[in-house]
Amino acid sequence: MIQKNFIKEQAAVLLTLFTASCSDSTLPKYQVLNTLRIAAIVVDQPELNYTGAGAPSATVTFTPYISDVNGGGRALTLSLAYCLDPGIAFGATPTCSGSSSRVVVQSGTAISNVAGQFDTPNYTGAITPIAVDLSAMPAQSSALLQAVFLASSTSTRYNGVALLFEFTLETATGDEKLAAIKRVLLSSTEKTLKNQNPSGLEVRVNDTDIGTAWPTSDTELTAYWPTSSIENYTLRSVSGQDFSESETLQATWFLTGGSDDTCNRETDCAPDGVLNLTRSFLGEINKYVSSVNAPTLRGTVALVVAQDERGGTAVKRLCSGAVCP
Amino acid sequence: MTPFSFFLPFAALSFVSSAHASSQYEGYVRTRGTKAPLKQISLFVLPLKIRITTDDKGYYKTPEIPEGPFEWVVNASGHERYTENATSTAVSELVTKDFYLEPLSSGVFETTITAQETNDSSRQTLKTKKAQSLPGAGLDPVRAIQNLPGINRSSGFSARVIVQGSAPQETRYQIDGHEVPLIFHFGGLSSVVSPDLLESVDFYAAGYQVNFGRALGGVINLQTADPFKERWRGSAFVDVFNVGGHAEGPIGEKSSLSVSGRYSYIGPVLGAVAKASDSFNLTTAPTFYDLSSVFTTELSDTLKFKLFSTASRDELKFVTAKGFGEDPLLRGAFRNEVSFFRFIPQLLYRPDSRTEGRLSLGIGNDSILNEVGTQFFKLNNTAVTARGQYSKQVVDEVWKASIGMDSRLNWADIDLLLPSVVNSGGILNPLSTGEQRRTSLKNVQTHQIGVYTNHEIRPGAQSPWTITPGLRFDYYTTLKALEVAPRIATKYKWAEAWSLKAATGLYSQQPGEGESSKDYGNPNLKPTRAVHATVGAERSLDLEVGQGSKIYSGVFGRWFDRLVVPDTSTVYSNLGKGRAIGWENLITVESKPWFGWISYMLSRSTRWNPSQPEALSQFDQTHLLTLIGGVDLPRRWKISARVRYVTGTLVTPITGSVFDADNDAYIPLRGPVYSQRQSPFYMVDLRIDKQWIFTKWTLSLYLDIQNLLNRANPEGLQYSYNYSASESVAGYPILPTFGLKGEF
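Chains as they are written, first to last, in our numbering: chain A, -15 to 309; chain B, 45 to 788.
Take the hints with a grain of salt, since some may be wrong.
List time: in silico DSS-like cross-link candidates among lysine-lysine, alpha-carbon distance up to 27 Å [said to hold, decoys possible]:
# : chain 1 : residue 1 : chain 2 : residue 2
1 : B       : Lys174    : B       : Lys273
2 : A       : Lys175    : B       : Lys361
3 : B       : Lys83     : B       : Lys621
4 : B       : Lys174    : A       : Lys271
5 : A       : Lys178    : B       : Lys562
6 : B       : Lys422    : B       : Lys83
Note that these hints are calculated values from the structure, not bench results.
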């Protein structure tokens, strides 16, 4: 009855999607950065070799991209812990809380401004990177990791067992709190090609890189990455079959928004303009409609996040306007 | 009047004819519109008092009628009295004259009644003719069964049938007893078999007997009609969704054939609307079509052969640039193609009135292609279903025994690239947050073998009791599991109009293939199980109110065990349990020209597992009330209406979310599952029918207005990207549809 259930579920989903596409939603839009947000987290090594012996011998560095454009420079803290993935892909709660493999990296650490990124007055961009030395993993956690890895099937070890990194961003007053997760895959040495972050990300107009300057007028934009950035990889099925796959990279476009929540509707988003698409494939045109009343006390900041479907991430920050450090 | 007085006119006529020139008349007497022959009815020639009776083909021939004026008078039950003044000429001749009598009721074609395999008291049957006239169903009898008590309301465009608080996937769909992958075309707009080929739609609820199995909820069986044997006839129709045609008639003395086909053109309409958006390109709008046929032949006096064939296809393609639900995987090209065909040859052997044998096969192929962006699912499945039953009246009016088999064999090729999917509390995690899986499997065999024996026992020829014990065995080859299912039903009939019935039994079902797959699920799962129990009383009102009127009231209970639930260590486990209890009531009134229908179900359906305390299930609907009323008006107008009230849909509150930076999506954090209800569903539908009867054909027009009050019934919630805000998703607004059908 695989077909029966699948057909009906698919039909229902597709029709729901089809009808939903016609609806005029007033819900907040993903692309608009006007509240406290974690837009992206980049880890320098999304996938590591693991032999199944103790702690992995590697240091990974995370760079969160945060926006608090309407926060007025309020104090923020960031906590980071990691653990074995509890099985999020199969319904487990995405948290390290309660995990016996949990390791705390930092707790309630204040976020400092980073010039040209997360800084006054736009408060949208990268914060200071956080390095995590995995070889310093406590013995209890590394023993658990080793046990889980060795107990996994050959295909699971080949595809990778995930370490889950849990970020908690909080205002100093405690009235707002965000959670985000990022995985680092530990795969067997048999898998020689480890996933890398996309490289060479550009934002282009008429096939020309526009650097870091966001346009101030209506413009057709594309996200670009060289084909060499698109990796081929092998996915192993449970039964041991190897399948050659190729990454499909996609760019997500974030744009700072107005000063209140009503700016979630496109018609009210005059201050920073509007992007036609939230996401785009390579070469897909995204139309930017600029604002006639652009903000004067801050700049318009865009974060373009390129991602493969395996956790590889690259971010490009662009800014325009009078105040654009 | 002496016994010979009837012959006097003939004697007089004989005398007259020898003296004068006279004419003879011959021809056929038929129903106006449908051209159905009127058999064994009388024609009178007045004042000569000549009476002629038609034969089985409606043919008549008068004796010689002397020159002069006379009057035709034709009376036939169910038809208006026909009179016509005529004059017989002086020339001796044979005049051809046909009569077309106006029917009193404006029904569509009659249907041939075929005996059913068993007398299952859990079965509710909707005859095609009746079902097609119900408001809210268009001309589709399968859609009409959703008016029956015991069938929960399914939301919006859903094509699912939910039986007595069970899950939709626990309902089995069949044509002539053979399982088919789907019963509705895309979105539940239309069933996959043309209504012209259907005799009835049978709905088997709690306590159904052993000849069917492998479904915890119930069974929907489409019973095909034998083709019309007396003459060729046909029909053509057009409505908002489809256009189609149908023809049937005899082939030689012992065979007959009916053929029907439909094509949906809703796609171009939706496509035109969708093209208004530059970020949504509907490359192939929703399109479906089907072609079906039934062939029957009498191989001998005791052996009959029937072949039902059907082929169905649904397809939809579109490209969305903006995507849906902020899920990175739900962008780009969408493609959905579903097609299947079945050949169902059937042999019916009746050597005598006490013995019956049935053997049938369902041979076919199911093909599915789903593409969502870079993800895909391809299935090509060869399916063979086999049914056989041998019944013998062992002791007259006391013991009828049956043995049978009901098996399904599948050989499937599966190719897919899909993430694991988390769907809990009716909320789907973004697909991008699932774990990517790739599988390509050839010749996956999933066979389900079922055998059963059933016995209909009456303690004595005059006993009011009928007891029907049965035993069924199902073997699931992929699970290597044998399930034994004893079932028993009893019926007590007292007085002429009252009957009490009760049934209980054990039922099993194979988990979804994905759930028991070693690639996606847990290959060590066992079949899910349920115990059904039902007790009810029925009072016929045929004599007091009209034929077909009745009152039914009954209670049911289902206790589910080994339900499949998500498990973070084994992906899925059999640790789920549940129950569904309810009280069903149905009053039907057929008192011409009025008909009415009150259906009410009070029910509660819950589920639980070790990590979740007992909570209402997704398909719990406390109150489900359906009122249908209609009246036949003069000049062949008919007006009917339906009012439905259903307790609101259950939803799971969301307490927060976590940003998954690897997949650029938010994972929802759920509160207690199905702990909140949306507003009740309330809808009024109106239907107006008009029929024109011409001499040799009829034309029917219907206007079906669903959601007459344009009520925005909440069907679910749509969430913002991080689940911090939501808005209600309303069902369809006022939806007028109309159709035209010509029959000749």
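Here is what the structure says about each hint:
no.	hint	result
1	B:Lys174 with B:Lys273	holds, 22 Å
2	A:Lys175 with B:Lys361	violated, 37 Å
3	B:Lys83 with B:Lys621	violated, 59 Å
4	B:Lys174 with A:Lys271	violated, 55 Å
5	A:Lys178 with B:Lys562	holds, 26 Å
6	B:Lys422 with B:Lys83	violated, 55 Å
Consistency note: the structure conflicts with the earlier hints numbered 2, 3, 4, 6.
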